[in-house]
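Q: Protein chains in written order, with the working numbering: chain A, 2 to 114; chain B, 7 to 118.
To be clear, the hints were calculated from the coordinates, so they are not data collected in a lab.
Note that CB positions come from ideal geometry on N, CA and C, so glycine has one too.
Treat the hints with caution; some may be incorrect.
Derived SDA-like pairs: lysine to any residue, alpha-carbon spacing no greater than 20 angstroms straight-line [as the list claims (entries may be wrong)]:
no., chain 1, residue 1, chain 2, residue 2
1, A, K58, B, S36
2, B, K62, A, D102
3, B, K63, A, K58
4, A, K58, B, S79
5, B, K63, B, S79
6, B, K62, A, K58
7, B, K76, A, A101
8, B, K62, A, A101
Far from chain A, some chain B residues (derived; all Cβ distances over 12 angstroms) [to be verified]:
no., residue
9, L10
10, Y28
11, S36
12, S37
13, E44
14, R66
15, T83
16, A96
17, T115
18, V116
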Amino acid sequence: KAGVTQTPRYLIKTRGQQVTLSCSPISGHRSVSWYQQTPGQGLQFLFEYFSETQRNKGNFPGRFSGRQFSNSRSEMNVSTLELGDSALYLCASSLVGIGADLHFGNGTRLTVT
Amino acid sequence: TQLLEQSPQFLSIQEGENLTVYCNSSSVFSSLQWYRQEPGEGPVLLVTVVTGGEVKKLKRLTFQFGDARKDSSLHITAAQPGDTGLYLCAGAGGTSYGKLTFGQGTILTVHP
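Let's have the full structure, built from the sequences with the hints guiding it.
A: Quick look at the structure:
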């Protein structure tokens, strides 16, 4: 069974640009959640999608958005990038959502210069 | 906002030693999970505990959920170099229903 796939693995962007990250969940998983990991703040919950609907959202500004497609694949978008957005972005999939077994991808390392 | 305080932040020990990592909160969680993350990879789920007072064992790892479901501990017996990594606790439910709150993590280094 293929695991969670995140693309791209690495990304370098300039302040003010926007970026889109992609996450393909494990087949059959309908929940996809996104997290930001930084050395200073650790792992922080961004949002969760289930069957194309955003179910929960963390405490991040509106520049961070996402969506989920009918095949459960999810994308995360960050607009007007700031230096502080440099981080490892992780997505996780599960059958039913937060609190159940989460399977993480290996992340996208975003560097904003 | 629910917070999870994890301690210690860093742990450097010799192979064969025992260790305990703690995860504490003033809030109640419906469930608590422990993950291990290696450099360049995403976290991997080790265990989920849901019942107050629950103890789960995974080979040399013992996980405990506090009676009040506010705290948890991870105990490793006879640590091995392969145990090296970042250990994260994560709480779900409670007042932050639907969200997952992570502790800051414990970086464990086991020297041969």
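Q: Does each hint hold? Answer for all of them.
A: Hint check:
| no. | hint | verdict |
| --- | --- | --- |
| 1 | A:K58 x B:S36 | holds (18 angstroms) |
| 2 | B:K62 x A:D102 | holds (15 angstroms) |
| 3 | B:K63 x A:K58 | violated (33 angstroms) |
| 4 | A:K58 x B:S79 | violated (28 angstroms) |
| 5 | B:K63 x B:S79 | holds (12 angstroms) |
| 6 | B:K62 x A:K58 | violated (31 angstroms) |
| 7 | B:K76 x A:A101 | holds (18 angstroms) |
| 8 | B:K62 x A:A101 | holds (16 angstroms) |
| 9 | L10 | violated (9 angstroms) |
| 10 | Y28 | holds (16 angstroms) |
| 11 | S36 | violated (6 angstroms) |
| 12 | S37 | violated (5 angstroms) |
| 13 | E44 | violated (10 angstroms) |
| 14 | R66 | holds (21 angstroms) |
| 15 | T83 | holds (24 angstroms) |
| 16 | A96 | violated (8 angstroms) |
| 17 | T115 | holds (17 angstroms) |
| 18 | V116 | holds (22 angstroms) |
Checked against the numbered hints above, the structure violates hints 3, 4, 6, 9, 11, 12, 13, 16; every other hint is satisfied.
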